[in-house]
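Visitor: These are the residues of each chain, in order.
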Amino acid sequence: MSAANRRPVSRSGGERSLDTSHGTVLYLEGLSVSFDGFKAINDLSLYINDGELRCVIGPNGAGKTTLMDIVTGKTRPDEGEAWFGQTLDLLRLDEAAIANAGIGRKFQQPTVFTELTVAENLELAMAGNRNVLSVLRAKLSGEQRDLIASTLERIGLVALRDMNASTLSHGQKQWLEIGMLLMQQPRLLLVDEPATGMTHQEMAQTGELLCSLAGDHSVVVVEHDMDFVRSLDSPVTVLHQGSVLAEGSLDAIQSDPLVRSVYLGE
Amino acid sequence: MMNVRGGTLPPVFFQRLWRAVLLGLAVCFSPVQAADLPDALQSALEDLAGRDKVLRLEAVERIANSGTEESEALLQVILSGELYHWKPEDRFVRGEKDGRKFILYALEDGAELATVGRREAKKVSINNTLRGAVKSALATLDLIAPDPAKRLAGVRAQFAALAVPVERIDALLESESDTAVRDSLVTLRAMTLVSDETASGEPLMTAIAALGNSTEPGALTPLKGRFERSDDDAEKSALSSAIKAFESRQARFGMVKQVFFGLSLGSILVLAAIGLAITFGVMGVINMAHGELIMLGAYTTWAMQQLLPGQPGVALLLAIPMGFMVSASVGMVMERFAISKLYGRPLETLLLTFGFSLILQQAVRTFISARNVAVSNPSWMSGSLELHPMLSLTMNRVVIMFFCLAVFAVLWWVMQRTRFGLQLRAVTQHREMARCVGVRSRRIDTLTFGLGAGLAGLAGVALSQLGNVGPNLGQAWIVDSFLVVVFGGVGNLWGTLIGGLGIGVATKLIEPWSGAVLAKVLLLVAVILFIQRRPRGLFPPSGRSAGDN
Amino acid sequence: MNRYLSAVLADRMGVVLLTVLLVSAVWVPIASLVLPASHPLHMGSYSVALWGKYLCFGLLALSLDMVWGKLGILSLGHGVFFGLGGYVMGMYLMRQVGDRGVYGDPILPDFMVFLNWDELPWYWFGFDHAWIAFPLILIVPGLLAYVFGALAFRSRVTGVYLSIITQAMTYAVMLAFFRNELGFGGNNGLTGFFDILGYDLREDVTRAALFSATALSLAGCYVLCRCLFATRLGLLCTAVRDAESRVRFLGYRTDRVKLSVFVLSAAIAGLAGALYVPQVGIINPGEFSPLNSIEIVIWVALGGRGTLWGAVVGAVVVNVAKTQFTGWLPEGWLFMLGGLFVLTTLYLPRGLAMLVPKRVSGS
Ligand SMILES: Nc1ncnc2c1ncn2[C@@H]1O[C@H](COP(=O)(O)OP(=O)(O)OP(=O)(O)O)[C@@H](O)[C@H]1O
Ligand SMILES: [Mg+2]
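Protein chains in written order, with my numbering: chain A, 1 to 266; chain B, 1001 to 1549; chain C, 2001 to 2363.
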């Protein structure tokens, strides 16, 4: 199940030649995963278009996080295929290679490097050559400093720049992780429950941010908060027991009797 | 010829009694005149007391072949140099020197006869040649003993010397009814024939083939010996195929034996490692003091034997619960007062427990002894269990294997069928979740640690029966136990069982051709390589909590 | 360069350590060679060697702190790298003996003559040349660390598991080196050295020079580590230590990060071993015993892991205490050591470094 025995394909973070000639960045087809016989993902197929913002919703345990685990290489599916663009077989890459290919992820449980400062967290996440020697020699250029500064501003952590990340609140960690995602400049962003621990105002900001990213990037957002999802005004996919239950606009979904019965518990 | 001294019963009476009691029994006792030596013996003794060397040698043989009840005892007396000629009575007796006097006993029933001066008793002395003759005569005596087990041992005893003539063996075969004895007589006959230079032709070939199929470990020597000396081609090829057949069977049995040794080692490894695996599974900590807890168990056995001198068996049985309790309480104290303070920091815990291991080790050195102490095996654990002439297993290892299985079974029962086991498994799989449903995980930790430590104590009790008990006992086993845990995966009893037995058998199978040290090195390397493929062992724990992040 | 200099200067305790090392590198030769024996500050060759030994341990502790303190890899096998470096040096010194050995064989070391070997095993060739042997001091431990680390890190063996297999590695190497057949002197190891680079090892000058070399190597390695961890790679190491899997999702190959630092650390440990052997005059398989390796850990833990200077201080403190203690109560040392493990982990989780006020340490 672990990614340990995947072939690490060496690929530096710089190169970004993704073939999206058919307009689709992510193809997931017929995926299945089971944990000790429990099917967390069951014959799931999902396609994300280039530049699209997509919301994925579903009750607890529907398999949303597991889906992201598969895409980012953390979990290996028992069956199915996962392609990034036309040519990159995600199932053959390990986590680092997938990240370098241009898939960034924000975890449900915000994970930042607590012993580093906020700015250092961003510095590490910054796109660039990832091999050991270049990291050893790396030095921040003026441009990169500016990038960090502007990102800090965007995530509202300018004042905390040199604080250890361990001192941040849950919401601030969420922001920092979003900031790290921005620094990574991925082609596809997987954002797992970004709004947890945020105020209403912050949620609105996050929503705006994600919307502004769409277009240049593809964004997949998992969220439970329906108001937040509504604010994104994007196509919604409903996951239930590991497979896609419905797809469409939020309004259409909410009136779908099937969805109402399993998801809204009616 | 001989007078019956006062005090002994008249011969006639004795004869009647004898017949009355034993009449209905089919016994091979030759009817003996109790107070009289049979004539055959009497005359042989006379020759033995004479000076003619040839006659004396013959006399020994005559005694041996007389088939009388007394011959064995008589030969023993001769061998010990206690045979005397009581001159005034002209009677052969057994004499014991008592200062300047001799106390004489009757040969036939051991009754004390008289105490006489030096002049009245003359020692029948024997030289080395005679002594040798007496010895081999004594050995062949067993061949005709009434007890089949004794006969069997007698035949076996002949396998090395091969001094019994073929004709004699044939004669014995004729009257022999016990199959086991017959089989070994046949083997003996074949061995004798093969090592007899003059033998040839059909009988020889049959003998060679018979030896090739024999299960007697000694059968190889005559075959090989003849093969070296022989220059007949047909004979040589027969010999070589017999040798090959024999050796391959021997190798097969050697393999079985090696596997047994492996299982035995493995069962000890399982005992030693299982507590470690449980604590590691539940608490994520490696208890570096585990080896010392094993040592404590072994010392408990020693202490019990000191408390109950002369009853090693009872002491050992008592040591089982005691060893468990001693180690378990030390473990629980360690957990309560130290390890619990480091929860969630496994590497620090490793160092902490290592500190305890040093302290315990040194404590034993200082307060008991730096040297090994002697722990004895009770009688039911010594000796060996013969399953086959080519396969005998030492009793202590067999017992320990069963002990291990029993401990495993009890443990399995505890884990599957008791509330504690259920809670323990719950904490292993998901600590927070278990807490949420009301498991007091702190208490479970302490109890688990106690259980793990107690199991170490049991391993110590078992180990005390296998080798030296000393302050370094724990160190010798700890690395191996770690390997078992790493190999078998944690939190899974079966993993430990299979891991332990697997490592044990593998070690013993490599050992014959690599030597003990190299075997260990190879095994360590193998486990290090294995963990590359399966970083979480054979049976990795499953569930989300097991993954990092 | 500026960034590195400020990194070194920022850690004031480290600066103190560097100063002490540099001063002693100069002072000890003076105290032992120039001052007359009657002078109260004179240092006999015994204490020069003793302090040289402590500094070797300091270097070894530093190398462990690189991987444990900075990267979170608790290696229970650093003694192996130290020992291998020592054995390389020992082989060089052994070949320098020439025909002065007990058996007077011009080529074969005594133990080989004793075992009736008629020629030098192939892996002993070249060790008579310093230019071959000295690089191997770093290469041999580095190579083992590379192979071991590549296997372990790529398959993501971490935490306690990793610690245990490093211990298994030590144990395996120890057993192997105890065998005569391996050709490294078995039980007795390598000893009976005469000179190094043409200088007699028993001369005070040589000893003083070895001490200075050790002090300077330690200072150099300390600066090297400081600079290393001041780079972005240093940040990355901290990140790997705290949340390795998260780092992977940023696109870094954490196994390679760990591997490079691990190999560097092993090479430094090898250097420490190589400096150690000529000063104590012997190397034997006992150096590979698991206990030795785990003792290094307590030096680092006591000094304060992750501080680099703390490791050095811890090594020196524990070893001075050991020398004193075994002097008057040999029985008690293991109690002491065990107690040290218990007390440090329970009450001094960040070691002696905890006791240094932030104001002073500067970090
Ligand atoms: N590594 C794992 N081992 C065992 N079970 C797992 C593992 N990962 C996920 N699961 C199970 O798979 C199911 C789907 O989990 P997942 O985290 O994907 O749900 P989710 O949709 O993200 O839920 P939530 O909204 O609560 O975050 C759950 O029942 C979970 O327990
Ligand atoms: Mg989720």
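Read the hints as simulated data drawn from the structure, not as lab findings.
One or more of the hints may lead you astray.
As the list claims (entries may be wrong) - One side only, chain B facing chain C, incomplete, derived with CB under 8 Å:
#	residue
1	1338
2	1366
3	1368
Ideal Cβ positions, reconstructed from N, Cα and C, are used throughout, including at glycine.
Visitor: A separate judgement is required for each hint: does it hold in the structure or not?
Guide: Status of each hint after checking the structure:
no.: 1; hint: 1338; result: holds (6 Å)
no.: 2; hint: 1366; result: holds (6 Å)
no.: 3; hint: 1368; result: violated (13 Å)
This entry does not satisfy hint 3, going by the numbered hints stated previously; all others are met.
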